[in-house]
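S.K.: Here is how the chains run, residue by residue.
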Amino acid sequence: MVDLSVRIGGLRLASPVMPASGTFGPELAEVFDLDLLGALVTKSVTPDPRRGNPTPRVAETGQGLLNSIGIPGKGIAAWLAHDLPAWQRFAAPLVVSLSAPSAAAFAAAARALSVPGVAAIEANISCPNLEEDGRAFAAEPGPAAAAIAAIRAATALPVWAKLSPNTGDIAAVARACEDAGADALVVANTILGLAIDLDTMAPALGAGMGGYSGPGFKPIALRLVWQCAHAVRIPVIGCGGITTGNDAVEFMLAGAAAVQVGTATFIQPAAMLRVTEGIAAFCAGRGFARVAELTGRAWSGARPLAAE
Amino acid sequence: MVDLSVRIGGLRLASPVMPASGTFGPELAEVFDLDLLGALVTKSVTPDPRRGNPTPRVAETGQGLLNSIGIPGKGIAAWLAHDLPAWQRFAAPLVVSLSAPSAAAFAAAARALSVPGVAAIEANISCPNLEEDGRAFAAEPGPAAAAIAAIRAATALPVWAKLSPNTGDIAAVARACEDAGADALVVANTILGLAIDLDTMAPALGAGMGGYSGPGFKPIALRLVWQCAHAVRIPVIGCGGITTGNDAVEFMLAGAAAVQVGTATFIQPAAMLRVTEGIAAFCAGRGFARVAELTGRAWSGARPLAAE
Amino acid sequence: MDGAYPVASHIGAVLVSEPVGARYHRILIDAPALSAAVRPGQFCHLLCPGVYLRRPMSVWRAGPGESLGFLFRVAGPGTAALAGLRAGDTLDAMGPVGRPFSLDPGWRRILILARGVGLATLSLLALRAAARGIGVTAVLSAREPADLMLAAFASDAPMQVHAVFDSDGSSAPAAVGALLAAEIARARPDAVFTCGSDRLLRLLQGIAARENIPGEAAIEQRMGCALGLCFSCVRRIATADGPRDLRVCREGPVFDLHSVEAW
Amino acid sequence: MDGAYPVASHIGAVLVSEPVGARYHRILIDAPALSAAVRPGQFCHLLCPGVYLRRPMSVWRAGPGESLGFLFRVAGPGTAALAGLRAGDTLDAMGPVGRPFSLDPGWRRILILARGVGLATLSLLALRAAARGIGVTAVLSAREPADLMLAAFASDAPMQVHAVFDSDGSSAPAAVGALLAAEIARARPDAVFTCGSDRLLRLLQGIAARENIPGEAAIEQRMGCALGLCFSCVRRIATADGPRDLRVCREGPVFDLHSVEAW
Ligand SMILES: Cc1cc2nc3c(=O)[nH]c(=O)nc-3n(C[C@H](O)[C@H](O)[C@H](O)COP(=O)(O)OP(=O)(O)OC[C@H]3O[C@@H](n4cnc5c(N)ncnc54)[C@H](O)[C@@H]3O)c2cc1C
Ligand SMILES: Cc1cc2nc3c(=O)[nH]c(=O)nc-3n(C[C@H](O)[C@H](O)[C@H](O)COP(=O)(O)OP(=O)(O)OC[C@H]3O[C@@H](n4cnc5c(N)ncnc54)[C@H](O)[C@@H]3O)c2cc1C
Ligand SMILES: Cc1cc2nc3c(=O)[nH]c(=O)nc-3n(C[C@H](O)[C@H](O)[C@H](O)COP(=O)(O)O)c2cc1C
Ligand SMILES: Cc1cc2nc3c(=O)[nH]c(=O)nc-3n(C[C@H](O)[C@H](O)[C@H](O)COP(=O)(O)O)c2cc1C
Ligand code: FES
Ligand code: FES
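Residue numbers (this note's numbering), protein chains in the order written: chain W, 1 to 308; chain X, 1 to 308; chain F, 1 to 263; chain G, 1 to 263.
Because the hints were derived from the structure by calculation, they are not lab data. For clarity, every value in this text was computed on a predicted model and none was experimentally measured. There could be a bad hint or two in this list.
Stated by the list, open to error - Quick list of the computed label-pair ranges, beta carbon to beta carbon:
1. F:212 with W:50: 36 to 42 angstroms
2. F:16 with W:91: 54 to 60 angstroms
3. F:170 with W:50: 53 to 59 angstroms
4. W:91 with F:214: 41 to 47 angstroms
What the hints assert, rightly or not - Over the 12 angstroms line for every Cβ pair with chain W, so calculated as not near, a few chain X residues:
5. 59
6. 72
7. 75
8. 89
9. 112
10. 114
11. 115
12. 135
13. 194
14. 197
15. 209
16. 249
To be verified - If you only want the chain W side, here are some residues facing chain X, beta carbon under 7 angstroms, derived:
17. 4
18. 61
19. 62
20. 139
21. 192
22. 193
23. 198
24. 199
25. 209
26. 216
27. 220
28. 226
29. 253
30. 297
The beta carbon of each residue, even a glycine, is placed where N, CA and C say it ideally should be.
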């Protein structure tokens with residue numbers, strides 16, 4: 001029997017498999033027992049209500065998905081009043097994804113979210129930073145660190161920084177977030193993409209460009225995890241195109257301590273269970289007693305501390 | 001009969017379809033008549049001989065390819081003596097892809113390549129810049145502009161700047177190359193990716209990370225073309241995952257004046273002919289007399305000058 | 001169907017796959033648990049060979065002991081791949097999902113207004129109503145007689161069907177409006193239902209409001225998950241707290257007739 | 001086969017697809033032009049259903065009027081997909097590509113040393129030699145008798161075959177070396193050929209050098225295009241100008257026996 005538990009900063013997760021923000025909700029409990037997951041990750045919550053982007057909000061592109069949902073939501077106050085209670089029926093740790101327009105707003109929101117029932121805050125710093133006229137916090141080390149430092153100062157909860165592929169040097173952003181006090185990194189959010197509808201001869205998404213996810217994004221996300229895990233000592237949670245247990249094993253061998261599964265759930269609603277079984281089968285077949293032993297195995301040098 | 005000709009800076013090409021550097025050679029003349037192509041693009045030529053990277057140099061990943069060939073070659077002197085003559089039997093314009101370790105080396109090489117039979121120089125500025133300890137020229141506007149300006153000053157030939165997806169702000173790099181005197185942009189080179197071999201539990205490529213190309217890369221390349229074509233007035237040549245005529249049409253609607261086809265040739269050796277036929281069929285079916293009319297059609301605003 | 005986990009991906013053997021008329025296709029699969037669980041107006045999210053995303057498809061035929069059916073227009077790669085399935089192939093259908101139509105056993109008559117492939121969405125409602133002895137008046141609109149799928153809609157259940165066509169002008173709003181008014185005067189329905197045309201939706205909203213008859217409409221939107229997770233399928237819907245972007249896959253695809261804002 | 005454009009992608013109907021022994025599989029397709037053009041040692045680049053890159057595969061059977069054959073070990077997704085093909089399916093084979101073996105009509109005898117699936121690469125050479133009245137001595141090495149594909153190699157052509165196995169130790173280098181020396185003493189070959197084992201390659205290089213017999217070896221390397229375009233398939237080869245990285249798909253897969261550097 002393989003030990004699937006992993007440590008992510010202060011948290012011990014019963015499984016390395018968790019959902020990716022924005023692709024998950026309590027509705028999935030109609031498909032399987034959500035307490036089989038290592039953690040539950042919410043859609044990004046925003047300080048104020050947001051309507052989101054015009055439709056179509058998703059488009060298919062080969063072996064992948066383009067989305068421009070626009071983080072619609074009722075805002076933190078309503079989320080605390082209505083959504084948080086709905087999550088309490090699950091035993092798995094609840095990770096709240098947080099998105100905000102400024103470092104100060106991130107701090108205030110993190111403070112508001114520091115309530116019983118919330119196990120960690122995942123800072124979605126891929127969203128636009130109004131103080132840098134709309135460039136994402138995660139595009140540069142400076143703004144990324146400012147946001148994480150502000151959150152760190154505002155809460156005692158573990159803080160996960162979710163990085164963006166849309167940057168010139170993700171290792172630098174990763175180090176900046178570690179130095180600013182992040183307990184873990186989630187790598188990565190979607191990469192900016194585009195599809196043109198040949199019937200309308202216009203972008204397939206109502207918003208124009210969108211985030212690319214799914215299998216076609218996997219080789220890039222795997223590279224980002226490799227770069228970040230080499231750059232920091234905090235755990236890296238791999239995310240991007242994971243569909244099978246073998247995909248997840250690749251991420252862990254590249255340096256990830258855990259994984260998130262997003263778009264795959266749209267294709268197979270029980271994908272996260274299949275991924276969990278696949279990881280366990282790989283470990284059993286290759287003689288690993290603990291899934292944590294996989295982390296960083298593909299490195300030429302020593303294994304990263306993230307695995308310990 | 002659709003007019004397939006397009007203008008790229010000073011050059012008039014009989015077709016918008018040409019090969020992508022490193023995926024093409026005179027050997028393909030064993031498969032079809034290469035003069036059906038808009039231009040012939042060589043593998044990147046380097047000032048000095050290079051051995052290239054350890055094998056395996058390619059790996060498969062879903063709907064795409066990872067490569068780390070390492071630009072092996074005999075160097076410019078031998079290329080001028082042996083390879084250039086072999087290209088002279090073709091009528092299509094010859095575009096020489098050039099890679100060098102410094103702006104000065106780019107300039108010297110461009111000067112050496114300014115000989116009869118060479119129609120344009122494609123500067124592969126995605127390669128490592130030894131003066132920026134190995135970061136690619138195309139990663140930042142400054143080094144990119146320095147390389148292009150040096151080449152511009154060294155030759156009267158049209159200069160195409162081939163940009164890299166591995167940057168935080170490709171529009172800024174595009175503008176910098178335009179200001180430095182580039183006659184056209186090629187968008188884009190491969191994006192950095194990784195695959196792990198589960199049997200060996202090590203990277204699938206001998207060199208570790210590699211360049212990701214093919215259909216899975218397409219939505220990203222299409223977005224890069226969209227961003228660059230909005231940022232500059234010089235023509236943009238789209239490249240990344242193009243496999244069918246419809247793919248090529250998407251790139252032109254997004255703002256490309258012409259396209260390059262790379263990995264698709266590995267799957268279907270006559271892919272470039274199929275792409276050309278597909279573009280012509282789309283134009284005929286939708287009532288476009290000239291393929292150049294497609295360029296930038298997907299824009300909300302006016303059409304870009306690149307199309308004129 | 002496990003009560004605790006009502007939604008699942010079901011792999012069913014294709015029993016029938018054949019064209020219906022010039023532009024439509026029907027598929028029947030063997031998926032007993034799913035077929036028994038589905039209610040009229042609900043849909044399944046179908047894995048189409050060779051395309052990445054699933055495609056949402058209303059359930060056209062279902063019931064305990066009955067095979068599960070879909071009736072669709074071949075619109076692009078996904079539906080083309082579905083139409084390419086052959087008896088013996090398997091189809092992965094995820095469901096049942098979505099809010100079903102209301103069907104009150106106390107009703108005496110319902111009126112159905114469907115356009116084009118919208119009748120696929122309303123057919124099961126009509127059959128269930130007829131089976132319960134509820135009278136069904138159906139006004140079916142199509143481009144031309146060749147496109148009308150009368151048998152596909154009514155099977156051999158007893159109902160009052162009126163067909164209107166663009167080809168002879170009988171489908172024009174004014175003409176359909178008059179027809180509906182006459183039908184309602186002749187045999188007043190307890191509820192009205194529509195799917196498939198925004199124009200007809202607005203027409204029916206007006207008449208039902210005047211006549212003060214309750215109703216429901218089934219609508220479509222581009223979907224990702226069909227599980228309520230991604231919020232890609234929202235449509236503007238009037239609610240007690242004002243207009244809201246509701247999920248067609250979750251709060252819909254069936255909404256109160258008057259709550260659907262025409263786009 | 002168009003003389004001006006000798007290389008093309010040929011879509012052939014699968015005639016035979018069946019396992020050979022425990023770990024191998026053979027496929028015969030109907031591709032007349034390609035089959036007539038192929039020479040021993042050349043290969044085709046095969047499109048395998050469901051995987052992106054083509055897979056290189058030596059031609060095992062070919063000839064004017066004959067179907068085109070491949071014999072392979074199921075090693076992963078690509079070869080598994082090939083093994084999944086059934087009679088009536090089609091296979092897209094790109095070729096012929098690569099440098100063939102030399103076969104001098106003046107020769108009286110050749111000696112072939114093959115290991116494992118390397119015999120698939122050498123079988124056509126043996127058959128063509130035998131057909132021309134050239135004597136063939138073949139030493140075939142395999143893990144165990146069950147793995148030896150004697151019939152697959154020799155068909156029913158006349159040749160002198162020696163089988164050696166790991167299971168009884170007869171495939172050990174020393175034993176094979178002695179066997180080769182004896183065979184060469186008994187009937188000296190004009191040329192020697194090998195494929196499938198680096199150890200046997202080195203062994204044969206030594207013996208051929210001592211006996212001063214010319215020879216060729218066919219080798220493998222991970223491939224992208226198989227057309228000489230991408231330089232992914234290079235191997236270190238000794239040339240007149242010193243060691244060079246040559247393309248297995250273009251300058252090879254057949255190289256002078258002594259030019260191949262053991263890795
Ligand atoms: C709840 C619901 C029930 C439906 N029931 C039926 C039915 O019973 N019969 C029928 O013929 N059609 C039905 N549709 C429409 C059907 O889903 C689309 O025609 C189909 O997805 C088109 O896919 P395609 O690849 O063939 O065409 P494409 O147009 O190429 O599809 C491309 C993309 O657009 C999406 N898409 C295109 N049109 C629609 C649409 N109208 N609604 C949602 N997504 C769309 C596809 O999912 C895909 O992501 C229904 C849609 C919804 C939302
Ligand atoms: C010129 C040539 C002729 C060959 N002839 C035969 C033959 O007659 N019979 C036979 O059984 N095999 C032959 N091979 C080996 C065969 O190509 C590989 O076994 C096959 O590509 C494995 O693909 P896979 O997806 O099944 O396995 P995988 O190992 O999963 O393939 C993964 C990747 O590795 C590549 N690859 C794996 N092994 C090899 C290899 N040895 N050579 C080149 N690429 C490889 C594949 O192309 C693919 O890109 C030949 C190889 C070459 C280069
Ligand atoms: C429809 C959709 C909505 C998403 N919403 C969010 C979000 O609100 N916050 C966030 O941090 N990431 C969001 N993401 C990104 C995913 O969490 C994940 O990082 C990305 O999709 C890559 O993983 P995948 O390939 O497994 O989907 C969203 C992705 C999709 C497809
Ligand atoms: C095997 C291989 C070798 C390549 N070599 C070069 C090169 O030498 N110079 C260059 O500028 N781009 C090179 N590229 C990048 C391609 O020219 C092209 O930009 C990229 O592959 C994206 O296009 P595609 O998806 O159509 O292949 C190479 C790509 C591949 C797959
Ligand atoms: S399709 Fe995902 S919420 Fe409706
Ligand atoms: S496989 Fe491309 S050069 Fe040999």
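S.K.: Is the Cβ of residue 72 of chain X more than 12 angstroms away from each Cβ in chain W?
M.R.: Per Cβ check, residue 72 of chain X is outside 12 angstroms of chain W; nearest 23 angstroms; holds.
S.K.: Checking the smallest CB distance to chain W, is residue 115 of chain X really beyond 12 angstroms?
M.R.: holds (36 angstroms)
S.K.: Residue 91 of chain W and residue 214 of chain F, beta-carbon distance inside 41 to 47 angstroms?
M.R.: holds (42 angstroms)
S.K.: At the C-beta level, are residue 16 of chain F and residue 91 of chain W separated by a distance inside 54 to 60 angstroms?
M.R.: violated (45 angstroms)
S.K.: For the hint on residue 62 of chain W, does the least C-beta distance to chain X fall short of 7 angstroms?
M.R.: holds (5 angstroms)
S.K.: When you look at the beta carbon of residue 197 of chain X, is every beta carbon of chain W farther off than 12 angstroms?
M.R.: Residue 197 of chain X not clear of chain W: closest Cβ-Cβ about 8 angstroms, inside 12 angstroms.
S.K.: Can you verify the interface hint for residue 198 of chain W: is its Cβ closer than 7 angstroms to any Cβ in chain X?
M.R.: holds (6 angstroms)
S.K.: Using Cβ atoms and 12 angstroms as the threshold, tell me whether residue 112 of chain X really stays out of contact range of chain W.
M.R.: holds (32 angstroms)
S.K.: Per the hint of 36 to 42 angstroms, is the separation of the Cβ atoms of residue 212 of chain F and residue 50 of chain W within bounds?
M.R.: holds (37 angstroms)
S.K.: The hint names residue 199 of chain W as touching chain X; please verify it with the least Cβ-Cβ distance against 7 angstroms.
M.R.: It is violated, given that the least Cβ distance between residue 199 of chain W and chain X is near 10 angstroms, above 7 angstroms.
S.K.: Does the no-contact call for residue 135 of chain X survive, Cβ to all of chain W over 12 angstroms?
M.R.: violated (9 angstroms)
S.K.: Do the numbers back the hint for residue 193 of chain W, that is, is its least Cβ distance to chain X under 7 angstroms?
M.R.: holds (3 angstroms)
Checked against the numbered hints listed earlier, the structure breaks hints 2, 3, 5, 12, 13, 14, 15, 16, 17 and 24; every other hint is satisfied.
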